[in-house]
Amino acid sequence: MDLITVSVQLLNAVQYGTVLFLVASGLTLVFGILGVINLAHGAFYMLGAYLAYWIVLMTGSFVLAMLGGVLIAFIIGMLLETVFVRLLYGRDHLAQVLLSFGLILVIDEIRQLLFGKDVHAVAPPAWLSGSIQLTDNLSYPVYRLAICVFCLMVAAAIFFVITRTKIGMIVRAGAENREMARVLGIKFDRVNRYVFAVGIALAALGGIVIAPISTVFPGMGDGMLILSFVVVVLGGIGSVAGAAVGALLIGLTDTFGKVFFPSVSSILIYLLMAAVLVWRPSGILGRRDV
Amino acid sequence: MNATRLRIRLFTLACLIAAIALPFLAPTYYVQFFAKALIMGMLAMALNLVVGHGGLVSLCHAAFFGLAGYVLALLSPRYDAASLLTTFPLAVLSSAAAALVIGALALRTRGIYFIMVTLAFGEMLFFFFHDTKVAGGSDGIFINVRPEIAIAGRQLFDLDKPITFYFLVLASLVGVVALLTMVVRSPFGHALAAARDNERRARSLGFPIFRIRLIVFALSGGLAGIAGYLAAVQFGFVAPQMLGWHQSATVLVMVLIGGLRSVTGPLAGALVLIGLEEVLKAHLDNWKLAEGLIIIAIVVMLPNGIRQIWPMIFGSSPEVPVDAGRAEAKHGAAEAGHA
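Chains A and U, in that order, give the protein sequences. Take the first sequence: its position 223, counting from 1, is numbered 223 in my numbering, and each next residue is one higher. Take the second sequence: its position 330, counting from 1, is numbered 1330 in my numbering, and each next residue is one higher.
It is worth saying that the hints were derived from the structure and are not from the lab. Treat the hints with caution; some may be incorrect.
What the hints assert, rightly or not - List of simulated lysine-lysine pairs, DSBU-like, C-alpha gap at most 35 Å: (1) A:Lys117 to U:Lys1288; (2) U:Lys1161 to U:Lys1281; (3) A:Lys117 to U:Lys1281; (4) U:Lys1133 to A:Lys258; (5) U:Lys1281 to U:Lys1133; (6) U:Lys1133 to U:Lys1288; (7) U:Lys1288 to U:Lys1036; (8) U:Lys1036 to A:Lys117; (9) U:Lys1133 to A:Lys117; (10) A:Lys258 to A:Lys117.
Let the sequences and hints guide you as you build the complete structure.
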């Protein structure tokens, strides 16, 4: 294996890892702050990809698809929180698992009613198509590079909001000690709704940016859901930094696994997870007392 | 024995008689339908040993269910019948062994981590059968000839007959119910419930919690294997979807519908959910939409399962009050502490 191939695969791994981070950070935010385990997270990833396909078909603009898709997902998230998810706060994990499973069936059927069962392809925006010459004999698709840059920007924004702003402070207080924060006058009803909607929007955003390099198909959320879970378990629940570490690890393992051990590559990430759990049951950056 | 208990015994007896009489009265389609429902009930009861009695929400039981089916498929000769007497124990032991390994890793974690980790390991088995060419890959594999039960070359039963197969399922079901009842009522089962209700206290009383949970997880995986083996015999086909996490979640819904604190509740839950699916499929194109909404409604309105419907309709509960099982478990825990 020469240096060029390794570099290309390394770029692929980073690109995959950054998208994985977007989706997993939504999952870990919702769990860490609301205490809700959301199995329907993957369904919103799929929904994002379908929305991207549909908006590009209608308007021809991928930028509009990104804005519109995220906005629609955000609104759906607000509505869902108001109607269903608020019933789950303080309920046991079993109730949350099953309610979100019911939600998956509903979302999947609605997707089928609206968009059908077909597999679709989405074209990347024209100004991001083609390849760029990185070094003399290393060229790389521009769109994949753009995904990396975009996802890193979103990640930076998430970290900035959580660690540097008042909203982030409220969110962290809620994750740390909800009762105490409530006593201090924070109105969590509204915070909950925004956090859940942001989580859903992040899942959808992952689906939107991935649509041009993967196909858009009904079961695409399932694989992403499981991968996000592995990322969250690896990194430690509720830890956004942990999600970043986990996503990068999974990106590297999966990409290089496909190159070196193609037949068992899908099992490698679970072996990685098993190894991490033996070492640290609460994840790499998780709290020890879980 | 008090009146309530007598009534429950009579009800159980009536159910058993109805189950025995059914194949002689109903058309073949329904015999097969009930065989399938009872198999899923068995799986739900196996899962409930971990979820209801152990307080551990597992999302990988479909993997143990499907693994046993695959073991049968791989051991079956292409144009001949496999022997049930050898393939059955092997299939069930494989499932139990897989559960032992996965349990040993997953039980290092708690709560939400446990759910995610079991989900991930279940998917690992799914992808193993989906991505490798071991047994037909994503297309699945056919079991062309049903296994036979033969002693010294003489065939005892013909499993091709739906009625014979139905009775094999029913007999296995009775065996599973008896075993589960025994386990739950034993000091071991009480210790399991004690760990569920108050882990710290159970630990301080000196129970080896990890070992107890691991044994229960492996036992439950083995019982799921019994159901998986029977399902593979019935359909003559196994595919990776049998191991998928959607299947695990569906079985979890059955457990919740039936109620977490009893042995046979999940069986009732399985009958209700499969019956419901049958009705919805017959009448609606988008039946999954209706099913999803019904699941959501059940989770929101009936956190203790269908038993809650009685007091809702009739005002007060004619049978066991909703949290009697919990009180019993606490009592049992105290008893086990003295043992």
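Do the hints match the structure? See the list:
1. In summary, the hint linking Lys117 of chain A to Lys1288 of chain U is supported, as the alpha carbons are separated by about 14 Å, within the 35 Å threshold.
2. Distance check on the hinted pair: Lys1161 of chain U and Lys1281 of chain U sit about 26 Å apart at the alpha-carbon level, within 35 Å; holds.
3. Between Lys117 of chain A and Lys1281 of chain U, the direct Cα distance comes to roughly 18 Å. Compliance with the 35 Å bound is thereby established for this hinted pair.
4. Pair hint Lys1133 of chain U plus Lys258 of chain A holds up; C-alpha atoms about 16 Å apart against a cutoff of 35 Å.
5. The suggested pairing of Lys1281 of chain U with Lys1133 of chain U holds, with an alpha-carbon distance near 33 Å, which does not exceed 35 Å.
6. Distance restraint check for Lys1133 of chain U and Lys1288 of chain U: the Cα-Cα separation of roughly 31 Å lies within the 35 Å cut-off, and the hinted pair is therefore satisfied.
7. Between Lys1288 of chain U and Lys1036 of chain U, the direct Cα distance comes to roughly 19 Å. Compliance with the 35 Å bound is thereby established for this hinted pair.
8. Distance restraint check for Lys1036 of chain U and Lys117 of chain A: the Cα-Cα separation of roughly 29 Å lies within the 35 Å cut-off, and the hinted pair is therefore satisfied.
9. For a cut-off of 35 Å, the pair hint linking Lys1133 of chain U to Lys117 of chain A stands: about 27 Å separates their Cα positions.
10. Using a Cα cut-off of 35 Å, the hinted pair Lys258 of chain A and Lys117 of chain A holds, with the two alpha carbons roughly 28 Å apart.
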